[in-house]
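Go ahead and model the full structure; you've got the sequences and the hints to work with.
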Amino acid sequence: MPRNSRFMNRTLISIHAVLLLATVGGCHKQAGEAVRDIGPEATAYYQAHPDFFHFATPADLPADLVWHDGHDVPEFAAPEAKRGGTLHGWIDDFPRTLRFYGPDSAGTFRSFILDDWALGLLGRQPNTGQYVPSLARAWAYGKDRCTMYFRLDPDARYCDGVPVRADDYLFAFFIFSSRYIHDPFTNNYIAKTFRSVTKYDDLTIAITAQEPKPDIEDRLALGPVPEHFYRELGDDYPERYQWRLEPTTGPYTVKSEDVHKGSSIDLTRVPHWWADDKPFFRHRFNVDRIHLEVIRDTNKAFESFKRGDVDLFSLREPQYWYDKLPDGDPLVQRGCIAKAVFYNQVPCITYGFYVNTAQPLLDHRDIREGIAYAANFDLVDQRYFHGDYVRMQTSSDGYALVPFPGIHPRPFSTDQALVSFARAGFTKRGPDGILVNGQGQRLSFTVTSYHDTLRDVLTILRQEAAKAGLELNIEILDGTTGAKKIMEKHHQIAFMAFQPSGARYPDYWQMFDSANADKPQTNNITNTVDPALDRLIAAYDRAQTMDEIRRLAYQMEVRIRDDAAFIPAYKLPFFRVGYWRWIKFPREFATRESDDGGVELAGVMGDGLFWIDQDARPAVLAARDSGPTLAPEIKVYDQWKAK
Amino acid sequence: MVFRLDPITRRKLRRFRSLRRGWWSFLALAALLVLAAFAELLVNSRALVVRYQGHTYFPTYTAFHPGTDFGESYTYEADYRRLQARFRRAGRGDWVLLPVVPYNPYENSFAAGVYPPARPSLAERHFLGTDTTGRDVLARLFYGFRIAMIFSLLYLALVYLVGISIGCLMGYFGGGFDLAAQRIVEIWSNMPFLYIVIIVASILTPNLGLLLGIVVLFSWTGMTYYMRTATYKEKARDYVAAAEVLGAGSGRVIFSHILPNAISTIVTFIPFTVNDALTALTALDFLGFGLPPPTPSWGELLHQGTANLDAPWIVASTFAALVIVLSLVTFIGESIREAFDAKKFTIYE
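In the order they appear, the protein sequences are chains V and D.
Just so we're aligned, residue 0 is where the first sequence starts under numbering that gives the first Met the number 0, counting upward by one.
Just so we're aligned, residue 0 is where the second sequence starts under numbering that gives the first Met the number 0, counting upward by one.
Quick caveat, the hints were computed from the structure, so don't treat them as lab data.
No experiment lies behind these values; they were computed from the predicted model shown.
What follows is a list of derived Cβ distance ranges for each label pair:
id : chain 1 : residue 1 : chain 2 : residue 2 : range
1  : V       : D377      : D       : A282      : 30 to 40 Å
2  : V       : T445      : D       : L193      : 18 to 28 Å
3  : D       : R85       : V       : D214      : 54 to 64 Å
4  : V       : D377      : D       : L193      : 35 to 45 Å
5  : D       : R16       : V       : P325      : 47 to 57 Å
6  : D       : A62       : V       : I633      : 46 to 56 Å
7  : V       : D540      : D       : L308      : 50 to 60 Å
8  : V       : T297      : D       : L193      : 15 to 25 Å
9  : D       : L207      : V       : D414      : 27 to 37 Å
10 : D       : G250      : V       : K427      : 46 to 56 Å
11 : V       : T297      : D       : R85       : 41 to 51 Å
Ideal placement from N, C-alpha and C gives every residue a C-beta, glycine not left out.
Here's what the structure looks like:
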């Protein structure tokens with residue numbers, strides 16, 4: 000995925016996280032150096048923008064509000080969970096900053112300090128999708144369908160003991176709009192998404208979006224920003240706050256003495272966390288400490304895991320699941336390490352061929368269709384990925400609320416590919432079996448990728464495509480160069496993936512709207528220009544109900560399939576992990592929307608459902624050291640498997 | 000330019016032949032090179048001979064035959080292994096003669112019920128197993144050897160051409176030119192060669208020519224110093240003065256008179272230069288900055304092998320092949336060095 004789209008998406012996710020979940024906190028006190036106070040500037044900013052910052056009294060609240068508090072939503076944590084212990088994990092690179100905004104803040108580590116654990120006004124029950132209280136203990140919807148009202152939980156506190164108050168939300172909008180954070184994407188997102196914020200009293204606020212949307216809760220339920228921490232905010236924010244962690248409302252924080260630059264970083268549970276006994280938070284986040292060791296090589300990390308130095312490891316890749324830790328491995332057979340497969344339902348990473356329709360020959364729909372028929376992803380899924388990966392069906396698989404029944408990619412078929420190529424004038428095979436047209440042009444294209452891991456997949460696709468008379472040359476570039484080439488639209492075919500944004504329904508504008516075609520640094524890397532699709536996208540972006548969104552998305556996917564500029568590759572319908580048996584998971588293992596979150600497993604940790612059973616450790620270690628063995632445990636959790 | 004072998008060189012060659020280990024290594028490597036030159040006849044998915052309905056085909060070096068030529072239903076290249084099985088079953092007198100290893104280095108063969116990498120199997124004729132995408136390891140080793148040797152020999156030729164020319168010029172002209180050239184060589188040889196190759200390879204997808212060009216660009220400097228010294232030494236001799244007096248131009252003096260006499264210094268370096276090129280190419284491929292996929296390459300195989308130690312046949316075969324070839328070349332090099340030892344043959348006047 001190109002760096003900037005990743006950046007955008009990470010930022011999107013993070014804003015959602017600030018919105019929906021919220022912030023981890025470094026509770027170390029800063030030595031009081033020269034007096035600097037951003038307070039007056041913030042107040043002046045509120046006054047200068049009376050359209051955005053409203054100040055009202057509780058009497059101004061609409062009388063007919065219906066308050067929700069999620070009391071009928073089932074909890075999902077296991078009551079038998081035990082508190083305590085240290086979880087040993089690993090990260091493949093040390094975070095470059097502990098800031099949430101500005102340069103370098105979009106690294107993978109932010110899921111540990113922000114996206115997964117910080118709290119927002121509302122939470123979401125991950126199995127049912129219902130909203131539940133978080134920092135807000137009650138919420139209500141305005142008649143305009145753009146506004147939501149929130150009553151803050153009076154107990155809510157940052158980890159430094161300061162209570163969360165309405166002013167923190169005013170300040171949040173100030174900081175998100177400010178140039179000090181050096182984060183134009185956030186500035187722009189805030190301006191585009193929000194219309195106003197209203198303070199009724201210290202514990203009651205309203206936030207208004209620019210337009211009504213079916214997922215308005217996700218957009219509006221953002222997290223607070225503690226004004227007292229950002230007193231020294233200024234143009235030097237990126238340097239000044241580089242290693243200072245914002246105080247969190249969530250369960251884990253990083254103490255400054257636990258930051259060992261380049262080697263390890265520890266997360267510590269906030270003592271007497273304010274939400275310890277609240278519904279939806281009790282029995283979660285059970286470990287007291289999470290030690291993250293920097294191990295820069297995945298194979299080395301795996302060896303550490305097998306030695307017991309790392310507690311959990313993602314076995315997502317077939318080579319780890321089948322070859323490096325097979326079911327017959329002594330550690331599995333002796334019952335020391337458990338293996339688990341969990342079928343989840345999350346928006347899929349969009350692996351596929353992105354055919355650049357602005358290139359000669361590739362502007363011909365029949366050629367693109369031929370390429371779609373000549374791309375043998377089925378063989379790759381079946382024979383290279385052990386049948387674990389399955390074919391991606393559309394450009395936006397995995398959205399629980401937006402299914403696309405009946406839309407399927409073109410299957411591999413040399414005959415159909417030859418028919419399509421023949422329609423474009425490629426009828427004869429040359430001496431090497433590759434098709435040529437009347438002008439003697441060979442049917443040869445370059446597939447660009449910057450994931451070294453796709454090398455093997457591409458060599459298989461190349462061999463298979465040759466059967467259909469299509470030559471695919473493989474070009475694997477390094478990350479920056481490859482991303483640049485693709486984002487400047489110099490590629491012929493790109494083999495890559497975009498990370499979904501974290502929203503509950505797909506975004507088509509970025510990737511398929513003609514406004515983003517033939518322009519560098521936009522995500523429309525297929526250069527799709529289709530007026531009919533543009534009209535659908537415009538209607539989709541204005542849509543206010545889920546039904547309308549579903550209907551329009553379906554029509555768009557049909558068009559996208561017909562156009563054959565995006566050729567879906569594959570997806571993994573589950574995640575799988577190996578873990579030492581002193582780690583315990585609830586009976587359901589994880590939640591519907593959970594993911595392993597890549598090698599760092601932050602996703603599994605994010606729900607915080609597991610716990611460490613200290614009493615089990617001696618038996619597991621004894622089993623490892625040829626003592627009495629335990630029963631092996633290899634489980635498949637398919638309660639959320641798509642039927 | 001033809002060098003006539005002088006008696007001393009002939010004695011040196013005789014001495015080389017008498018050094019058993021080097022001589023046999025030389026013969027073995029030469030045999031391997033000859034085999035590699037005809038790799039298509041030994042390791043290939045295309046049949047050597049196909050007899051079908053009274054016609055005989057020799058598909059190895061011709062344009063591809065679509066399956067339809069032999070009564071198959073598809074229009075892509077005939078699958079000769081399947082064809083052989085079909086002909087045998089049909090028993091109508093048609094037959095297919097396949098090479099010893101009936102796979103080419105690019106095709107993925109996914110045997111039923113086995114996920115790649117597959118272990119070595121005589122029945123499947125994967126004598127050294129398959130790699131992570133089901134390609135025959137022996138085929139990839141064999142073609143990888145050919146590419147590596149082509150690379151090394153071209154490298155040798157180019158490095159020597161540039162290095163010898165510049166070195167001779169430095170030694171012959173001396174003075175200011177020599178000083179300036181020496182400084183340039185010093186600066187040039189301090190360039191971080193590996194980084195530059197990596198940077199270039201990550202921006203462009205290198206092919207054999209480009210990769211060769213880059214590597215040569217940063218490797219010719221080593222040879223200049225030897226040639227410079229040798230030329231300095233020869234230049235002081237009477238025959239050079241004699242040639243100059245007779246009116247020979249600089250080019251003639253350098254290349255016809257001095258070079259044949261100075262060449263013995265560098266002959267001893269040849270095998271080690273070949274080794275350098277082999278290891279450089281393998282290292283670059285290992286790091287992923289060498290020839291683009293799916294080019295068969297030892298470095299890429301080593302990389303796969305070390306990442307998949309649970310499939311030991313990949314790393315073991317590649318490692319063994321590398322050790323054997325590098326040893327052969329080193330043995331040759333040692334023997335040449337001994338045979339050309341100046342102490343044995345220098346005749347002081």
